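There are 2 protein chains.
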Amino acid sequence: MQEMNTHEQFMKRAIELSVQKMKLNEGGPFGAVIVKDNKIIGEGWNKVTSQKDPTAHAEVSAIRHACQQTGHFKLEDAILYTSCEPCPMCLAAAYWARISKIYYASDREIAAKYKFDDSYIYQEINLKIQDRKIPMTQLLKAESEISFKEWDLKQDKIRY
Amino acid sequence: MQEMNTHEQFMKRAIELSVQKMKLNEGGPFGAVIVKDNKIIGEGWNKVTSQKDPTAHAEVSAIRHACQQTGHFKLEDAILYTSCEPCPMCLAAAYWARISKIYYASDREIAAKYKFDDSYIYQEINLKIQDRKIPMTQLLKAESEISFKEWDLKQDKIRY
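Heads up: the sequence lines are chains A and B, in that order.
The first sequence begins at 1 in the working numbering and counts up by one.
The second sequence begins at 1 in the working numbering and counts up by one.
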């Protein structure tokens with residue numbers, strides 16, 4: 001079975017999850033797997049509506065699952081396969097998780113065609129704070145640095 | 001107590017969480033609260049290292065908490081107060097949750113001073129896919145649209 005565990009195989013699994021789980025009313029049509037050393041270490045799918053969690057996208061779910069499985073908050077040298085280009089939330093999650101490479105199947109244009117907001121949110125994030133649709137106001141800036149200063153002094157802190 | 005429940009009070013609670021929970025080794029120095037109708041409906045703090053979850057930032061945690069409390073995956077007319085400007089993951093999460101307004105205390109420049117990657121990830125997300133530090137490759141684009149097509153046909157789908 002020389003063809004097993006190729007990039008296409010892993011992507012097919014991500015797409016399979018995207019269809020299966022959506023049909024089971026878990027959420028939107030998105031699936032993802034995390035692979036390390038040529039083995040799947042985490043699987044995820046969209047669970048936004050079933051779990052009442054707007055952050056439960058396929059990639060975030062797969063990252064959380066892989067971290068629970070491996071017992072670590074970083075997924076260095078791991079690859080993310082996702083049935084659709086990650087939205088900004090999921091892309092940033094991949095950065096925080098130190099994912100090394102991303103394969104995606106559909107893209108934000110296809111997602112937009114089916115009324116998903118990925119493309120809109122990419123546009124918003126690139127705007128200056130004052131131009132965004134969600135108004136943002138800075139407050140108590142001076143008071144807030146105390147938490148960073150305490151962090152800086154903390155001897156047993158774990159960086160991430 | 002005319003001064004209760006002002007924006008400053010809610011922000012002070014977010015900052016308080018950022019210090020308290022960090023000292024308890026929950027994670028990095030970040031706290032957030034979600035407010036609706038002048039009441040706190042969710043609280044969150046960074047739990048990345050304690051929960052082994054790179055997505056467990058303060059704002060994501062607060063959004064999840066508020067959604068669990070209210071039993072819904074949208075937080076319309078809710079306000080997010082966060083001790084630091086949301087990173088792209090948390091900002092996009094706020095968009096997906098339909099948060100109406102964000103107050104933040106520290107900003108990405110202060111976060112960068114203390115070696116948090118928020119600013120770096122904002123830069124990366126704004127780059128073209130081929131210029132990013134995490135390589136991204138499209139694969140099986142044609143096959144993947146099947147999940148969107150099935151979604152489109154699904155009669156009982158719940159949009160989010």
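For the record, the hints were derived by calculation from the structure and aren't laboratory data.
A quick note: this is a predicted structure, and the numbers were derived from the prediction, not measured.
Hints are not guaranteed to be accurate.
Cut-off 25 Å, straight-line C-alpha distance, at most; resulting in silico cross-link-like pairs (SDA-like, lysine to any residue) [claimed, not checked]:
1. A:Lys23 x A:Thr49
2. B:Lys115 x A:Ser100
3. B:Lys149 x B:Leu139
4. B:Lys149 x A:Ser100
5. A:Lys115 x B:Ile125
Hint-by-hint comparison with the structure:
Of the supplied pair hints, the one linking Lys23 of chain A and Thr49 of chain A holds, its CA atoms being roughly 13 Å apart against a limit of 25 Å. In summary, the hint linking Lys115 of chain B to Ser100 of chain A is supported, as the alpha carbons are separated by about 20 Å, within the 25 Å threshold. The straight-line distance between the Cα atoms of Lys149 of chain B and Leu139 of chain B is roughly 18 Å, inside the 25 Å bound, and the hint therefore holds. Between Lys149 of chain B and Ser100 of chain A the alpha-carbon distance is near 30 Å, which puts this suggested pair outside the 25 Å criterion.
With a C-alpha separation of about 21 Å, the suggested pairing of Lys115 of chain A with Ile125 of chain B holds against the 25 Å cut-off.
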